[in-house]
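Below, each chain spelled out in residue letters.
2 protein chains.
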Amino acid sequence: MSRIIYLDHAATTPVDKRVFEKMKPYFTELFANPATRWTSSISKKVDEAVEEARKNVAVLINALPEEIVFTSGGTESDNAALKGVAFANKDKGNEIITTPTEHEAVLKSVESLQDFGFVIKYVPVDRKGFVDPDDVKKLITSKTILVSVIHANNEIGTIEPVREIGAICKERNVLFHTDAVQTIAHLPVDVEQMNIDLLSLSSHKFYGPKGVGALYIRKDVPIVPYMNGGGQERGFRSGTLNTTGIIGLGEAAKLGKKEQKQRENSIAEFRDIFLAKILEEIPAVYLNGPEGDRRLPGNISIIIQGIRNEPLLVALNEKGIIAGGGSACSAGKKNPSHVLQAIGVPEEDLFSVIRITIGKDNKKEDIDFIVENIKETTNQLRALSPFWEG
Amino acid sequence: MSRIIYLDHAATTPVDKRVFEKMKPYFTELFANPATRWTSSISKKVDEAVEEARKNVAVLINALPEEIVFTSGGTESDNAALKGVAFANKDKGNEIITTPTEHEAVLKSVESLQDFGFVIKYVPVDRKGFVDPDDVKKLITSKTILVSVIHANNEIGTIEPVREIGAICKERNVLFHTDAVQTIAHLPVDVEQMNIDLLSLSSHKFYGPKGVGALYIRKDVPIVPYMNGGGQERGFRSGTLNTTGIIGLGEAAKLGKKEQKQRENSIAEFRDIFLAKILEEIPAVYLNGPEGDRRLPGNISIIIQGIRNEPLLVALNEKGIIAGGGSACSAGKKNPSHVLQAIGVPEEDLFSVIRITIGKDNKKEDIDFIVENIKETTNQLRALSPFWEG
Chain A
0 MSRIIYLDHA ATTPVDKRVF EKMKPYFTEL FANPATRWTS SISKKVDEAV
50 EEARKNVAVL INALPEEIVF TSGGTESDNA ALKGVAFANK DKGNEIITTP
100 TEHEAVLKSV ESLQDFGFVI KYVPVDRKGF VDPDDVKKLI TSKTILVSVI
150 HANNEIGTIE PVREIGAICK ERNVLFHTDA VQTIAHLPVD VEQMNIDLLS
200 LSSHKFYGPK GVGALYIRKD VPIVPYMNGG GQERGFRSGT LNTTGIIGLG
250 EAAKLGKKEQ KQRENSIAEF RDIFLAKILE EIPAVYLNGP EGDRRLPGNI
300 SIIIQGIRNE PLLVALNEKG IIAGGGSACS AGKKNPSHVL QAIGVPEEDL
350 FSVIRITIGK DNKKEDIDFI VENIKETTNQ LRALSPFWEG
Chain B
0 MSRIIYLDHA ATTPVDKRVF EKMKPYFTEL FANPATRWTS SISKKVDEAV
50 EEARKNVAVL INALPEEIVF TSGGTESDNA ALKGVAFANK DKGNEIITTP
100 TEHEAVLKSV ESLQDFGFVI KYVPVDRKGF VDPDDVKKLI TSKTILVSVI
150 HANNEIGTIE PVREIGAICK ERNVLFHTDA VQTIAHLPVD VEQMNIDLLS
200 LSSHKFYGPK GVGALYIRKD VPIVPYMNGG GQERGFRSGT LNTTGIIGLG
250 EAAKLGKKEQ KQRENSIAEF RDIFLAKILE EIPAVYLNGP EGDRRLPGNI
300 SIIIQGIRNE PLLVALNEKG IIAGGGSACS AGKKNPSHVL QAIGVPEEDL
350 FSVIRITIGK DNKKEDIDFI VENIKETTNQ LRALSPFWEG
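Residue numbers (this note's numbering), protein chains in the order written: chain A, 0 to 389; chain B, 0 to 389.
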């Protein structure tokens, strides 16, 4: 295969070459454990690089460096936030509010809390995937300790009214967590303006390495450490620091801050041209989620009626085009997407969805080639399909 | 500083250059998410490399590949093993047996379980840090669900009689976990021969990258997943796989398997020459933990009476020699080591301990230089010390 057009950036991104260059010396040369910084000169250098990374992550979301805790990724951050807050606040109340369209790291974490007496309330979403802040308000009681609403949906790209929800939580004195894995460095995120108490982010969704992420914990938020041990990260997260990962995350955050607006604009332009073209060229294609500014700039989720997504994706892959199904985490599973079900996608269309997620290095010149290939394969598959009567 | 002699390998090791070479392509080129292996050719290649790594880790400890779950490191593996087994078996009983000389990842994890009704029993250790298997036997009751004993102590190098303890657990139908972070690739480890049900390991202790480890879970061991989410790792550990880390861990495991005996021999020889020389050259120096075959090949923990370890370590660092205090995790903390306290080190000696941990690339020609520098600095510090009347 000569050239690859990668369109699955919501699943993961390549490490930016500048990020990798920054990480390199810390594998074989500056390898020491930053915990021994008081007595070792190599450790001191590593510690300084880690703290520089922490600052870069803090700046990206307008937090303080001491409010950033490094984790192994978005899933750990979600687990740590939800379980940590639940157990620390169980004397105050046992109710947690979330949505049916969260990432599974949130959904399965809150489900696991039910075994410990916590009650989970789900705020409904509309046909485009939006939460109404008023519905959150209505669900809050004196027993509510935490609200968790995803910043933007990983499957259908819906950007939730996080700022309004945060304001309601602040007013009602309830903690507010958001999974911002899909928006960090893609959209402006400001924990102050958005009234966010806890925020999960993952490095590999914005050109950093895999296996590292962060949890923002606003100062004085009551939380129990999720991972126990040597007391690293001021006791919030034990375990030897993943120095190379953290330094990569920090560099990706720095570049993300600098290039965010430019990336957002060019990616949203790609999205809108692509979407207009595909809706024009192929009949019976429907967009999941909203259009325009309330949609993630890089996300396109479409139903292509009458076909199954798997053979389409396999055929595209053979032509060097890599796109996605529902979400990377659900890939290879037989269950339909809980997000598509929650927004009311008809049962017969649940496996006819492809997700195209655009990255900063995609080229607008390729749009025609991509659309042409999707169209051609769709026509071939529809011709063979018992579900398609054209 | 021209040349560095690194003697803190129990804190962390450099990534072996061969390991780094193996990892390299997976950052910027073969970066895809292995979860999408069914529809993407890049993902398929990454998935194959991950599964090769899993095999290499399995072979190293004589397990099956499907019994290996990748984690973010030793601390996560310990948390996942202890909490996962406790919650999965709470209907059978609520007692967990461990030792006072475990790594803090084990100690703090079991402490956190007390809030959920679990009772922790501590089997005593003797003056060299050894557990007597008979003492474990005596503590087991019908309510005991799990025994966790460290394979070899990270501070004082004591190798516990894990095989005998495993046999007792097997006989009594109690699950057995061992934290083998310090022994993997340093000593032969065989989960079958040693009757181990769960084993924690960490890549960066044997020349792999930081931020990745594994938990061995024997087939059919009842365990609840610690990290909830997308269901990766057959549901045992959610979160996008840290592909570069896992591939590095796999290569380190492969090299560790091949070179284990040779490393063990040369490192133990270094240890014994060094120890003989330092005991001969400096008065009032005492070894913590046992001598010979029941001690980790690379570990030397000594009390140098009349001095504090921190100024000694700082002075050595200035001469290019990097050694450690009690343990990396406790570095910079004011608390005395729980391990040294448990083996009865007198209070006045608790901060007079240095830990020298030898690696595969240390050179025996350097021993004289190291001993000479420790001697010289010790003499200088003792001359100034109010605690030394030598």
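By construction, these hints were calculated from the structure, which means they are not laboratory data. You may find that some hints are simply not true.
Since the list gives no way to pick one copy over another, a pair counts as held whenever it fits inside one copy or between any two copies.
[As the list claims (entries may be wrong)] In silico lysine-lysine, DSSO-like type, Cα no more than 27 Å apart, as pairs:
hint, residue 1, residue 2
1, LYS218, LYS16
2, LYS43, LYS333
3, LYS374, LYS127
4, LYS218, LYS333
5, LYS374, LYS260
6, LYS257, LYS136
7, LYS142, LYS318
8, LYS318, LYS91
9, LYS276, LYS54
10, LYS218, LYS43
11, LYS44, LYS276
12, LYS16, LYS44
13, LYS23, LYS89
14, LYS127, LYS218
15, LYS318, LYS260
16, LYS54, LYS362
17, LYS363, LYS169
Keep in mind that this is a model prediction, so the values were computed, not measured.
* To do: Sort out which numbered hints this structure fails and list those numbers smallest first.
  => Result: hints 1, 5, 6, 7, 8, 9, 11, 13, 14, 15, 16 and 17 break, sorted rising.
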